[in-house]
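Visitor: Listed below are the residues making up each chain.
2 protein chains.
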Amino acid sequence: MSLITLGTMAFDAIETPFGKVDKIIGGSAIYVAYAASNFVKPVQQISIVGNDFPQEEMDELTRRGIELEGVEIVPDKKSFFWSGKYHIDMNTRDTLVTDLNVLEDFKPVVPDSYQGAEFLMLGNLMPSLQLSVIRQMKVRPKLIVMDTMNFWMDIAMDDLKLVLKEIDVLLVNDGEARQLSDEVSLVKAARKILLMGPKFLIIKKGEHGALLFHENHVFFAPALPLEEVFDPTGAGDTFAGGFMGHLAKTRDISFSNMKTAIIVGSAMASFCVEKFGPERLKEITKADIDERISEFVQLVNFDIDLV
Amino acid sequence: MSLITLGTMAFDAIETPFGKVDKIIGGSAIYVAYAASNFVKPVQQISIVGNDFPQEEMDELTRRGIELEGVEIVPDKKSFFWSGKYHIDMNTRDTLVTDLNVLEDFKPVVPDSYQGAEFLMLGNLMPSLQLSVIRQMKVRPKLIVMDTMNFWMDIAMDDLKLVLKEIDVLLVNDGEARQLSDEVSLVKAARKILLMGPKFLIIKKGEHGALLFHENHVFFAPALPLEEVFDPTGAGDTFAGGFMGHLAKTRDISFSNMKTAIIVGSAMASFCVEKFGPERLKEITKADIDERISEFVQLVNFDIDLV
Chain A
770 MSLITLGTMA FDAIETPFGK VDKIIGGSAI YVAYAASNFV KPVQQISIVG
820 NDFPQEEMDE LTRRGIELEG VEIVPDKKSF FWSGKYHIDM NTRDTLVTDL
870 NVLEDFKPVV PDSYQGAEFL MLGNLMPSLQ LSVIRQMKVR PKLIVMDTMN
920 FWMDIAMDDL KLVLKEIDVL LVNDGEARQL SDEVSLVKAA RKILLMGPKF
970 LIIKKGEHGA LLFHENHVFF APALPLEEVF DPTGAGDTFA GGFMGHLAKT
1020 RDISFSNMKT AIIVGSAMAS FCVEKFGPER LKEITKADID ERISEFVQLV
1070 NFDIDLV
Chain B
770 MSLITLGTMA FDAIETPFGK VDKIIGGSAI YVAYAASNFV KPVQQISIVG
820 NDFPQEEMDE LTRRGIELEG VEIVPDKKSF FWSGKYHIDM NTRDTLVTDL
870 NVLEDFKPVV PDSYQGAEFL MLGNLMPSLQ LSVIRQMKVR PKLIVMDTMN
920 FWMDIAMDDL KLVLKEIDVL LVNDGEARQL SDEVSLVKAA RKILLMGPKF
970 LIIKKGEHGA LLFHENHVFF APALPLEEVF DPTGAGDTFA GGFMGHLAKT
1020 RDISFSNMKT AIIVGSAMAS FCVEKFGPER LKEITKADID ERISEFVQLV
1070 NFDIDLV
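Chains as they are written, first to last, in the numbering used here: chain A, 770 to 1076; chain B, 770 to 1076.
FYI, nobody ran anything at the bench for these hints, they're computed from the structure. Zero decoy hints are in this set.
Note: identical chains are not told apart, hence a pair may lie in one copy or across any two.
Below 30 Å or equal to it, Euclidean Cα-Cα: the simulated DSSO-like pairs (lysine-lysine) are: (1) Lys957 - Lys1044; (2) Lys1018 - Lys1044; (3) Lys1018 - Lys1028; (4) Lys792 - Lys810.
With the hints as extra help, turn the sequences into a complete structure.
Guide: This is the structure:
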């Protein structure tokens, strides 16, 4: 029941209305791995870093059952660096710096030891790289989940549409769903996107929760109303990690279990935003996670009696 | 188990990306009454209209068990008129015209025959008028619910705070909750507002659902993802009407039953937006309502097994 995660391992500089951090570990594969490793081991990472990526961060990942054989270390380059500043409402942000560094020449390779993985999480990256990882798998994984973003819709839509035909679940936010489908209504957008390849579509709406579409079914999971959103960076990837972790742990990819997986993902994301970067994800225990999931049950639980 | 509704009865002119209507019946008390009368009779209206309000609309209300003794008819003035235009995203609108007309001199009077009502819905109006209705009740209703808006926070905050001390449930949208509390976080906003008087706070988030706060509890109800939102006018009042209607029908004002009432309100609001004004509310049957409520159950229902 292993899980492969393709994505970035990076440094971020983040400014929010609550504070500022100049250099903190980040990247989609970091958040996915931290979230998923609470539920499934091993998590098999495919990524790339430069000569500046701290050994103690690598050691910490290994300690959590995250395998790093698929992480290329480039000796003469720096790791990917992203810097952003959040607006006061925390829902929008400006990207200040994007230094691709090692990402410029990234050619992901699936190690032999990863072959046979049942679950594949394609973090947000150039669609051709996502496709290359799918093509390298000798046996198609039981479930392939893809994250992507508006940037690739702008510059690589054809490639993106090729990947869509190969995957099972697409994860996008509401704006991206609208851009991909050219529909304002999310219900109409979902119907169009489900014709492009994926059997399941998850539309993330940030603080407004997430929607899961499958055939004619729709499920809505709220985000937990939080007292403080300290730093939203990585929340979407953490959601994906919790979602994949639960599915890989249970090995059940039914619609019904995906609903549960979305609640688990939402719970993990609610921790992520409590501190800068993945800091909070490094602290939490199984008991914290169970308690948070119970809060979600309370949040949406109601009795109805149609008379 | 009667329900008193204080609010406007008006004409609206509405423009949305889907069409335009020059003169349609509207006003908060109309939407509340149409929604609530599916669940409870009588609904006892307190409002004011001019000489131009159509008799057939009055007759239709009466046919539905809505009592109009508390509706003043001013022979030499016109009814309240509002005109608005929705932006393409349907979440924001510009008010084009507000002709107060009869509303300028509105002094709501509670008829003797309304005394003893257990449920009182104070639609969005000048806070001093809402307070006057509360003060006219010889026996305090079992539940007083108040809707209000940012406009009164701008110009009549002191009066508004007086009303808050007299009510049980406050209904506002997210922007209004933030303005009233001076807090960005809705959780913090709720905590502050619950100290101002109301025991329950409902924060409406339009297409993103609604939150119910009470003591340390929070409940989240989604809005149904809709293919088309044709006209959002009156959706908030319709929500209030469904909410009050269910509570008045069941006469149970526990937190648990309020959760159910919010789902009923959300279901009613989801009909309202399907056509212009209250048109759709005039068509729907008990079977339609039950089916829609079942869709809500499906939408949020999930199984979780913490192991």
